[in-house]
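Take the sequences, apply the hints, and build the full model.
Taking the numbering used here, the leading residue of the sequence shown gets 1, the next gets one more, and so forth.
The set of hints was computed from the structure by calculation and includes no laboratory data.
As a list, the in silico EDC-like pairs of lysine to aspartate or glutamate whose alpha-carbon atoms are at most 20 angstroms apart:
1. K35 with D69
2. K58 with E36
3. K35 with E72
4. K58 with D69
5. K105 with E94
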Amino acid sequence: MPEPSKSAPAPKKGSKKAVTKAQKKDGKKRKRSRKESYSVYVYKVLKQVHPDTGISSKAMGIMNSFVNDIFERIAGEASRLAHYNKRSLLLPGELAKHAVSEGTKAVTKYTSSKRHGFEPRSWKILHGATKPVHHNY
Numbered sequence: 001m002p003e004p005s006k007s008a009p010a011p012k013k014g015s016k017k018a019v020t021k022a023q024k025k026d027g028k029k030r031k032r033s034r035k036e037s038y039s040v041y042v043y044k045v046l047k048q049v050h051p052d053t054g055i056s057s058k059a060m061g062i063m064n065s066f067v068n069d070i071f072e073r074i075a076g077e078a079s080r081l082a083h084y085n086k087r088s089l090l091l092p093g094e095l096a097k098h099a100v101s102e103g104t105k106a107v108t109k110y111t112s113s114k115r116h117g118f119e120p121r122s123w124k125i126l127h128g129a130t131k132p133v134h135h136n137y
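Now the structure itself:
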């Protein structure tokens with residue numbers, strides 16, 4: 001039997017699929033790094049308000065940048081307010097109780113379904129961090 005060539009065959013002309021995952025020396029495929037974005041949520045809201053309307057990838061990128069910018073501004077302002085008032089939490093009374101219970105429920109649901117050792121972004125924001133903390137696990 002003839003020995004197969006060691007180089008990967010070139011994709012056919014007009015083929016849309018290209019090799020997206022690089023091969024390591026031991027033959028295992030390299031895992032693509034995950035990029036967090038709000039695109040899924042923006043798309044869901046768009047379909048709720050205008051079911052027949054789509055969005056281009058450039059427009060989605062702009063919306064993602066917009067949401068990130070607003071998030072950072074709100075987090076920064078919340079951090080400053082907490083610092084000025086010497087508080088670690090800015091929510092009053094009953095609203096705070098509901099927020100804590102909803103947050104606890106969300107974290108419990110997330111950790112039981114995905115991975116362990118996750119520290120929620122909201123905990124850092126409530127305790128004075130201005131930038132979100134991203135863990136690379």
